[in-house]
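With the sequences and hints as input, model every part of the structure.
There are 2 protein chains.
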Amino acid sequence: MSKKPKAVILISGGLDSATTLAIAQEQGYECYALSMDYGQRHRVELKAAHWVAESFSVTEHKIINVGLDALGGSSLTDKSITVPDTLEEGIPSTYVPARNTIFLSIALGWAEVIGANDLFIGVTAVDYSGYPDCREEFITAFENVANLGTKAGVEGGSFHVHTPLVKWSKAEIIRQGVRLGVDYGLTVSCYQADNEGRACGVCDSCRFRVQGFQEAGVVDPTRYRK
Amino acid sequence: MSKKPKAVILISGGLDSATTLAIAQEQGYECYALSMDYGQRHRVELKAAHWVAESFSVTEHKIINVGLDALGGSSLTDKSITVPDTLEEGIPSTYVPARNTIFLSIALGWAEVIGANDLFIGVTAVDYSGYPDCREEFITAFENVANLGTKAGVEGGSFHVHTPLVKWSKAEIIRQGVRLGVDYGLTVSCYQADNEGRACGVCDSCRFRVQGFQEAGVVDPTRYRK
Chain A
3 MSKKPKAVIL
13 ISGGLDSATT
23 LAIAQEQGYE
33 CYALSMDYGQ
43 RHRVELKAAH
53 WVAESFSVTE
63 HKIINVGLDA
73 LGGSSLTDKS
83 ITVPDTLEEG
93 IPSTYVPARN
103 TIFLSIALGW
113 AEVIGANDLF
123 IGVTAVDYSG
133 YPDCREEFIT
143 AFENVANLGT
153 KAGVEGGSFH
163 VHTPLVKWSK
173 AEIIRQGVRL
183 GVDYGLTVSC
193 YQADNEGRAC
203 GVCDSCRFRV
213 QGFQEAGVVD
223 PTRYRK
Chain B
3 MSKKPKAVIL
13 ISGGLDSATT
23 LAIAQEQGYE
33 CYALSMDYGQ
43 RHRVELKAAH
53 WVAESFSVTE
63 HKIINVGLDA
73 LGGSSLTDKS
83 ITVPDTLEEG
93 IPSTYVPARN
103 TIFLSIALGW
113 AEVIGANDLF
123 IGVTAVDYSG
133 YPDCREEFIT
143 AFENVANLGT
153 KAGVEGGSFH
163 VHTPLVKWSK
173 AEIIRQGVRL
183 GVDYGLTVSC
193 YQADNEGRAC
203 GVCDSCRFRV
213 QGFQEAGVVD
223 PTRYRK
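Protein sequences, first through last, are from chains A and B.
Its first residue numbered 3, the first sequence is counted upward by one per residue in this note's numbering.
Its first residue numbered 3, the second sequence is counted upward by one per residue in this note's numbering.
Where hints are given, some of them may not hold.
Any copy will do: because identical chains look the same in the list, a pair fits if it lies in one copy or spans two.
Claimed, not checked - Below, a list of computed lysine-lysine pairs in the DSSO-like style, where the Cα atoms sit at most 27 Å apart:
#, residue 1, residue 2
1, Lys6, Lys64
2, Lys81, Lys64
3, Lys81, Lys169
4, Lys153, Lys49
5, Lys5, Lys153
6, Lys81, Lys8
7, Lys6, Lys153
8, Lys5, Lys64
9, Lys6, Lys81
10, Lys64, Lys8
11, Lys5, Lys49
12, Lys8, Lys153
13, Lys81, Lys5
14, Lys169, Lys153
15, Lys169, Lys5
16, Lys81, Lys153
17, Lys8, Lys49
18, Lys169, Lys8
Calculated directly from the structure, the hints in this document are not laboratory data.
Below you can see the structure in the form of C-alpha cells.
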C-alpha cells in the first residue's frame, strides 16, 4: 500500500490544472483527480481532463455531474449568452456563479471519503480573468469552512487547499509545467473549443494562453481551428 | 413586479426544511426553493420537496443534479452501507461528507444569478444527529466564503445564511410550523422511506421526528409502512 499522503486535484482539462497536477505529483502526493461535468459549453475539456489524468497515471479520476447549467447566469453554461471575443471590463460573462466554491466543496467531500487532507486547485491571480473565487483570501476562507464543516475536521484533521500557481504569470506556469513534463498538447483551455478540442484563439482564455507561450519562449502546441 | 427581497431556501422534502420555507415566507421573502438530487437512497424526498414547494406557492422550485453517490462514504448515498436502526455514537454513518457545504455552494450560485442575498437552510443543533455542518460556526464561515468568492460579494453585496431553526428543539420546530400552516403530512424525513414516502419509524431521522410530535402535543401525520 502506498505510504504517500493522498490529495484531491481539481482538473478541468486546461493548462493551469494540468500543471497543478504535475506539481502535486512532484511534491509526493498520491493523486486523485476530480473533474466536473457542469453543463459547460466546452465539454470537450472533460476529454482533455481524461488524457491529462492518464498521462500522469493518477490513482483515480472521477468526473462528477453537477447541473449548474440549470442555474444559468454565465456565458459558459447558458447557450443564450455569447462568449465574448474581446476582453471585458470587470468580471466577465464567463464567470460561473460560485463555481470554485461548488467544485472545492465536492473535492472536499471526496477528500473526506478517501482520507485526504490536501486539495489542489489551479487558480491564479496574475494572468487571469478577475474571477473573485481565484483569490487567496477566498481560498483561506474555504479552508476554514472545510475544517468546521466536516467530520474529519471535527475529529482533528486539518484541510489544506494548495494553490501553487496563484502568484505565477501564465509564462511561469508554462515554464514549470514543461520542466515537469506536462504535455500541453493534451490540454484544452478554450471556452468554445470544438469537439476535437481545437481552440478558437480569440476568447479570454485563449488570449492568456497564446501570450503565455510567447512569453515563456515555448512553442505553442495548441491545436487551433483556423 | 414583486418588491419583496428574494431568498433561496434549501428544501429536502423533510420536516425541518418545510418549516424553514414557511418562516422565510412569513418574513416577507419571495421564495426560490432548491432541492438536490444527489443519489440519496430516500429519493422519494424529492417528491415531497415538490409537494412542499407547491403548497407554499414558491416563485420557482429547482432540483439540481449532483452526483455525490459517485463519491460514496455515506449510508445515505452508498447502498452497500446499511442505514442503522439504533442511535450511533459520535457522527453517524448517515453523515454525507461535506453535504451542506456543497448544497449551500449551489444555493449561493443560484442566489447570485437571481440577485438574492439571502439563503435559508433548516439546520438545527438541538435534536440532531451531530453533523458538523449543522453548527453555527460552520454557517458563519460559509457566509465569509460567499462574500469573498462571488461577483455579488465583491461588488458590495452581502450574503446572509439564515438558520431559523438552529436553536429549536424538534417539538418547537413542529409547533412553529403548525402555526404557519405547514402540512407535515406532505413531508418525508425518513432515510429509507419507500416509493410512496412511507417511513420506517426506526432510523435516526424517524426517531427525532416521532419524539418531536409527541413533545409538541401534535398528532403525527407521518405515514408509516408498518
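Results of checking the hints against the structure:
no. : hint            : result
1   : Lys6 - Lys64    : within (20 Å within a copy, 42 Å between copies)
2   : Lys81 - Lys64   : both (26 Å within a copy, 19 Å between copies)
3   : Lys81 - Lys169  : neither (32 Å within a copy, 43 Å between copies)
4   : Lys153 - Lys49  : neither (33 Å within a copy, 29 Å between copies)
5   : Lys5 - Lys153   : within (23 Å within a copy, 41 Å between copies)
6   : Lys81 - Lys8    : between (37 Å within a copy, 25 Å between copies)
7   : Lys6 - Lys153   : within (22 Å within a copy, 38 Å between copies)
8   : Lys5 - Lys64    : within (22 Å within a copy, 44 Å between copies)
9   : Lys6 - Lys81    : neither (43 Å within a copy, 29 Å between copies)
10  : Lys64 - Lys8    : within (15 Å within a copy, 35 Å between copies)
11  : Lys5 - Lys49    : neither (30 Å within a copy, 45 Å between copies)
12  : Lys8 - Lys153   : within (17 Å within a copy, 32 Å between copies)
13  : Lys81 - Lys5    : neither (46 Å within a copy, 29 Å between copies)
14  : Lys169 - Lys153 : between (32 Å within a copy, 21 Å between copies)
15  : Lys169 - Lys5   : neither (30 Å within a copy, 43 Å between copies)
16  : Lys81 - Lys153  : between (39 Å within a copy, 20 Å between copies)
17  : Lys8 - Lys49    : within (24 Å within a copy, 38 Å between copies)
18  : Lys169 - Lys8   : within (24 Å within a copy, 37 Å between copies)
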